[in-house]
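Enquirer: Read off the chains here:
2 protein chains.
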Amino acid sequence: MKDLTGLFNPRGVAVIGASSQEGKLGYIVTDNLRTCGYKGNVYPINIKADGDILGFPAYKSVLDIPTDDCDLAVIAIPSRFANASLEECGQKGIKNVIVLTAGFNEVGGEGTKLEEELQEIAKKYDINVQGPNCLGSLDAHTPLNASFAQIMPKPGNIAFVSQSGAMTVAIIDWSVSEGIGFSKVVSLGNKADISEIDVIEELADDDKTDVILGYLEGISEGERFLEVMKKVTQKKPVILLKSGSSQAGAKAVSSHTGALAGNDFAFDAAFENCGVMRAKSMQDLFDLGTAFSKSELPHGRNIAVITNAGGGGVLTADKIEDEELVLAELTDETMAKLREVIPEEGSVYNPIDVLGDASPEGYEKTLEIVLAEDYIDSAIIMACPTASYKPKEVGEAIVEAKNKFNKPIMVVNMGGPTFVEENKVLRENNIPTFVFPETAVKALKGMEVYSEIKEKSKESAVDNLDGIDKEEATKIIESVKESGKDALIGSEAYQVAKAYGISAAPIVLATTKEEAGQAADDMQYPVVLKIASDKILHKTDIGGVQVNINSREEVEEKFEEIIARAKEAHPDIVPDGVEVQKMMPKGQEVLIGMLRDAQFGPIIGFGMGGIYVNLINDVNFKLGAGITDEAIEEQINSTKVSKLLEGYRGDAPCDIEAVKDTLKRVTRLTLDFPEIKELDINPVFCYEEGSSALDIKIKL
Amino acid sequence: MKDLTGLFNPRGVAVIGASSQEGKLGYIVTDNLRTCGYKGNVYPINIKADGDILGFPAYKSVLDIPTDDCDLAVIAIPSRFANASLEECGQKGIKNVIVLTAGFNEVGGEGTKLEEELQEIAKKYDINVQGPNCLGSLDAHTPLNASFAQIMPKPGNIAFVSQSGAMTVAIIDWSVSEGIGFSKVVSLGNKADISEIDVIEELADDDKTDVILGYLEGISEGERFLEVMKKVTQKKPVILLKSGSSQAGAKAVSSHTGALAGNDFAFDAAFENCGVMRAKSMQDLFDLGTAFSKSELPHGRNIAVITNAGGGGVLTADKIEDEELVLAELTDETMAKLREVIPEEGSVYNPIDVLGDASPEGYEKTLEIVLAEDYIDSAIIMACPTASYKPKEVGEAIVEAKNKFNKPIMVVNMGGPTFVEENKVLRENNIPTFVFPETAVKALKGMEVYSEIKEKSKESAVDNLDGIDKEEATKIIESVKESGKDALIGSEAYQVAKAYGISAAPIVLATTKEEAGQAADDMQYPVVLKIASDKILHKTDIGGVQVNINSREEVEEKFEEIIARAKEAHPDIVPDGVEVQKMMPKGQEVLIGMLRDAQFGPIIGFGMGGIYVNLINDVNFKLGAGITDEAIEEQINSTKVSKLLEGYRGDAPCDIEAVKDTLKRVTRLTLDFPEIKELDINPVFCYEEGSSALDIKIKL
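Respectively, the protein sequence lines represent chains A and B.
If you read the first sequence in the numbering used here, its first letter stands for residue 258, the second for the next number, and so on.
If you read the second sequence in the numbering used here, its first letter stands for residue 258, the second for the next number, and so on.
In isolation and in its complexed conformation, chain A is listed as follows:
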């Protein structure tokens, strides 16, 4: 783990390329350090230095700085000179360097070389390098503005990490008008050294940061990302907006920063796996972030809605259902208590309608009654402006009630000027406010999801499987590789599956009719015969498949028939022989598959099998690495075919444990053999007892 203390709270900062000339990058950075309230020493560095720059004594090189307190240098000179300066930083013992300059890997060619050189120097001197091609860093608490953003954000408890510098300025600018405060804002740039993982790891232990937001275009180290995020998300919510999710977007990403945009569903699976929440849009990211930054987490999905207008209550109820939260059903006891404080024309059913002329005390009492109930996990309070509504007093009453209970409250004040003062009171007291109910409900949903993430088990379900013969599988796969093939034939795939304890229909490759007969006798009848050749694609069409064979004589006869037909259809192809497969009774068809993501490894798919898989599209994907029993359960239950497995309309239920076992073993296999690029079992037949993989395709 990198120590980034000096990046955010340095004793002294050098600005390499500092300038007195307004508008220059080196001017802006020096000026930002001068005006942001930073209390350490500032050392302007300029090769032509002569006297002061912006009131600070300037030096020709960092090597000339007379003290040893310089923990951070900001490089703002053209890329071709940057590495020499970085080298000097190393010699001076400066451990943190921000390279603002562009002209590195993002431009390719010479720039890529410069960036490689930069990485070598960083390694040699053990320097944390942020960038190049970035905006810099800001710490609103230190305070420190080591960036060329000319606005300092308000101090707060949200950290924001961004791969796009422009987006970073945009967000700071926007935060000013929204009243959003930040702890740290970090622009990553090309991530030559410091990545989002390093920064987020540091932020996990930062006591000024309660929630971590990020905008990313790609992730460089998948495995480390997962490992670190699993730990961080146990401490604080991490919410990321990952762009480039569309085909069109992915194109723009690669032309933009050269980041390798991963496969989008791989990101979904990976984020889920390590507890990172994925925002769908910038607005989403900050709505969620703001809610997290203010409110405690709910401990369940039951919401009480208190409104002074029926219409608003209805809209909120709609949204609660959309988000799969629960509009709490109030007990008679609760309703009786509410009746005492709500007039007869009001409603004590949830949404609770306190009416347009409700007093601040009415709000307070109502809120206290519902928050006191164990079965209510959170409350949404809505108001429309009415003639008798007292905004500030209602705000104070809500704060009063809220302070007595440790439950999240979201306030929806539908309107503008009427609520300015009330919203201020609420926000100062860590109660999130919204204009429309839908945003409040979405925020609450996000918080509930995070609350569930924290409670989920972390134990891998595929670490201690019995009956796995890795050596045997290695032997088969190695021999396929040696033969120069990039796919296993059926009998080889069966052998691999068998070595991993995957229940499958036996397949044996026979090169003579006697071998075929013996194999059929061994596996018992009925059997299927199939021409074995990776060069013959439409096996059925040429009569290369024969099903339902019930005797040795028939096997031998069909063997010759198949060979003859193959020769007739493809005189130039020498088949490997004929595969004999045990014919299994039909079961419920499911599909188990694997696609390997370059960054996150195997992504396991499960869903409805059969010939219409693409059409029905009932497949759910999970990340293989570190998959838990809970996640496997979720994966199965999220598909439509799970309803068939459970026994649809009176059918006998299938052996779901057997399905899970197969899923786990396939995951283990694809984790153990990175050379397996794709795996596809369709169908797996599921029975009342056990299951059987029929058609196993493994590509290397």
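Be careful, since some hints might not be right.
Identical copies look the same in the list; a pair holds intra-copy or inter-copy alike.
Cross-link-like lysine to aspartate or glutamate pairs, in silico, DMTMM-like; alpha carbons within 20 Å at most [stated by the list, open to error]:
#1 Lys-900 - Asp-875
#2 Lys-732 - Glu-825
#3 Lys-296 - Asp-726
#4 Lys-370 - Glu-602
#5 Lys-259 - Glu-478
#6 Lys-281 - Asp-614
#7 Lys-742 - Asp-464
#8 Lys-900 - Asp-918
#9 Lys-296 - Glu-374
#10 Lys-681 - Glu-435
#11 Lys-647 - Glu-279
#12 Lys-370 - Asp-798
#13 Lys-897 - Asp-875
#14 Lys-713 - Glu-435
#15 Lys-727 - Asp-325
#16 Lys-755 - Glu-729
#17 Lys-622 - Glu-601
#18 Lys-796 - Asp-908
#19 Lys-487 - Asp-309
#20 Lys-349 - Glu-630
#21 Lys-661 - Glu-814
#22 Lys-537 - Asp-579
#23 Lys-487 - Glu-712
#24 Lys-537 - Glu-581
#25 Lys-281 - Asp-321
Hints are computed from structural coordinates only; laboratory data are not their basis.
We have chain A already, so just place chain B on it with the hints.
Expert: Only chain B this time, still in chain A's reference frame:
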């Protein structure tokens, strides 16, 4: 069509219940009329009137008003006195009355009676009554504030109609801080007389209104709604937020205003049918409304994105794909032109990156190049704040370029204070501005959808079907009704289908084995026999179904067997006989069904058939009334089963024309017979030529 001119632009207004006492409803309304800039006469009415009220001469009754220019009265006295005042308004010849007072139908009992009385008086004197239990009306252009909302909205071209008074104030309050202007704002209340339909019909011809927004909890006259909206949406976009879409929400609606919350998918189908756009949230409603209020419509889905920061371009591209719009692929010619104005480090691919230091002229030229291309339908211009960015000048440059072309432009300015001035310039010049790209893309999508709505054919596909014998169908349905049954047996349903030209497998009810044999001979073999009784539910379980019968002898034998088994299983039930059905060859299974909505009539479902319909859930619903060929095409194409019908993976395609024909005939049948409550055909077998409805269930 009601004439509502006097409601929005009255020569004089009477306030019944006017008061000098601050805080009273009658004070607020009178004061609003006094201060809103209204130029007509104001007549305060108070039974205790003596001299002036708020500077206007007051009268004891509207009958005492000395002039005849009073076109509008606002009633603000308790409900028990309201009707007497309404009666006086009638006598005075006042044609428009707003009843603000609550205590009518929404409270039930006595209130419902009062509302009925009110309706009678309105009818007797031909008065347009708005409300009761409403907030009133505002017209920002007249100007007129005949409501108890104490803020007057800015004049604009958006009309807002709302069923909730509280929501109306909330929206006006909010619009002030958002800078949104309104033409008219109308609170509907209980809709005792004037409904959303009347108001929207009036707004269609209002030259101050360009877009109509509404918040509704229910619709009272389905058929008229459809008829009127079809016309209005050809003139102006109508965007409605219909609440109560959730189960929980529907509960809240009924406890709130007593409005009958329709079935939610019925609203989707109905809105689609008449071209009304449905907003998903308040934010959505106004994002769309604002975009429509400012911009022309796009004529296609191809968008050019111009950005000064790569990250923003990626986010926009993602969203464009999500919304099924198109990131226009630029031609070499366009890119060559762009290259002349964009520096080398920028991107001339779409998203076009003009770089952080782009000048206002750079923006203008780039925009002009793309807007000039015929294949580009709209543009999104994005900016992040950079040091050299000149907000106001860029804004002016955009306006300049925009004025030369008749294409929609959305501006996304990511940030806060930096863009305040630019956004003002843009909005004043009718260019919508947004903070984040996702909202801009959503707005553009909405506009494109509306543009397509306007171009869609309006011709009913079910008006001129040949071969329909309504008389015959009437005869069968009448006889079923007479017998007191609420469902047709198979042979009856077949007769009805046949009368409507629906291709179906013949079914004949036989009461003797000879009849059964004769029927089988007539329809030719193979046939199926089924016990006929609406009291026996699990026919297969008791051996009441026999398939694949190939001869007359077998028919007669199985007839007796089935009767015997039914008697054995249900000694108390006398079956109607045995149904003989022609056994059809298996085809691709689809489902055609109908659910009747109380307000909008038949809703026709189409999708994948078979035993897993509920599990697969591949059914699309359309409104039956006025369905077009285009809509039927869309309905079929939106299902997964359409891929099977087209010939999946080399299968022969099915006769889709036959499927359409069946859909049309089912629609016609359910339109012609409102007594058919539910209809369900599952499966319809689809063949290479023709189709055959197998299991037709009709409930009355």
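Enquirer: Taking the hints in turn, state whether each one holds.
Expert: Status of each hint after checking the structure:
1. In this homomeric assembly, Lys-900 and Asp-875 come within 20 Å of each other (Cα to Cα) both inside a single copy, at 12 Å, and across copies, at 16 Å.
2. In this assembly of identical chains, Lys-732 and Glu-825 lie within 20 Å of each other by CA distance neither inside one copy nor across copies; the values are 35 Å within and 66 Å between.
3. Within a single copy, Lys-296 and Asp-726 get their C-alpha atoms no closer than 63 Å, and across copies no closer than 93 Å, so neither meets the 20 Å cut-off.
4. Taking CA atoms no more than 20 Å apart as the test, Lys-370 paired with Glu-602 passes between copies only; the shortest distance there is 18 Å, against 75 Å inside one copy.
5. For a Cα distance limit of 20 Å, the shortest separation of Lys-259 from Glu-478 inside one copy, 15 Å, qualifies, whereas the shortest one across copies, 68 Å, does not.
6. In this assembly of identical chains, Lys-281 and Asp-614 lie within 20 Å of each other by CA distance solely across copies; the values are 13 Å between and 59 Å within a copy.
7. In this homomeric assembly, Lys-742 and Asp-464 never come within 20 Å of each other (Cα to Cα): the closest approach is 55 Å inside a single copy and 74 Å across copies.
8. For the homomeric pair Lys-900 and Asp-918, the shortest alpha-carbon distance inside one copy (18 Å) is at most 20 Å, but the shortest distance between copies (34 Å) is not.
9. For the homomeric pair Lys-296 and Glu-374, neither the shortest alpha-carbon distance inside one copy (33 Å) nor that between copies (78 Å) is at most 20 Å.
10. Taking the closest pair of Cα atoms, Lys-681 and Glu-435 come within 20 Å of each other both inside a single copy (11 Å) and across two copies (18 Å).
11. Taking the closest pair of Cα atoms, Lys-647 and Glu-279 come within 20 Å of each other only across two copies (16 Å); inside a single copy the shortest separation is 50 Å, beyond that limit.
12. Neither within a single protomer nor between protomers do Lys-370 and Asp-798 lie at most 20 Å apart by alpha-carbon distance, with minima of 55 Å and 78 Å respectively.
13. Taking the closest pair of Cα atoms, Lys-897 and Asp-875 come within 20 Å of each other both inside a single copy (6 Å) and across two copies (12 Å).
14. In the homo-oligomer, the alpha carbons of Lys-713 and Glu-435 never lie at most 20 Å apart, since the shortest distance is 34 Å inside one protomer and 42 Å across protomers.
15. Taking CA atoms no more than 20 Å apart as the test, Lys-727 paired with Asp-325 passes in neither setting, with 56 Å inside one copy and 99 Å between copies.
16. With identical chains, the CA atoms of Lys-755 and Glu-729 are at most 20 Å apart within one copy only, with a shortest distance of 9 Å there and 66 Å across copies.
17. Taking the shortest alpha-carbon separations for Lys-622 and Glu-601, only the intra-copy value of 16 Å comes in at or below 20 Å, while the best inter-copy value is 65 Å.
18. In the homo-oligomer, the alpha carbons of Lys-796 and Asp-908 lie at most 20 Å apart only across protomers (18 Å), although the nearest pairing inside one protomer, at 34 Å, exceeds that limit.
19. In this assembly of identical chains, Lys-487 and Asp-309 lie within 20 Å of each other by CA distance neither inside one copy nor across copies; the values are 48 Å within and 74 Å between.
20. Taking the closest pair of Cα atoms, Lys-349 and Glu-630 never come within 20 Å of each other, the shortest separation being 62 Å inside a single copy and 57 Å across copies.
21. Taking the shortest alpha-carbon separations for Lys-661 and Glu-814, neither the intra-copy value of 85 Å nor the inter-copy value of 81 Å comes in at or below 20 Å.
22. In this assembly of identical chains, the alpha carbons of Lys-537 and Asp-579 lie at most 20 Å apart whether taken from the same copy (16 Å) or from different copies (11 Å).
23. For the homomeric pair Lys-487 and Glu-712, the shortest alpha-carbon distance inside one copy (12 Å) is at most 20 Å, but the shortest distance between copies (52 Å) is not.
24. Taking CA atoms no more than 20 Å apart as the test, Lys-537 paired with Glu-581 passes in both settings, with 18 Å inside one copy and 16 Å between copies.
25. Taking the shortest alpha-carbon separations for Lys-281 and Asp-321, neither the intra-copy value of 23 Å nor the inter-copy value of 78 Å comes in at or below 20 Å.
Comparing the model with each earlier hint shows violations of hints 2, 3, 7, 9, 12, 14, 15, 19, 20, 21 and 25; every other hint is respected.
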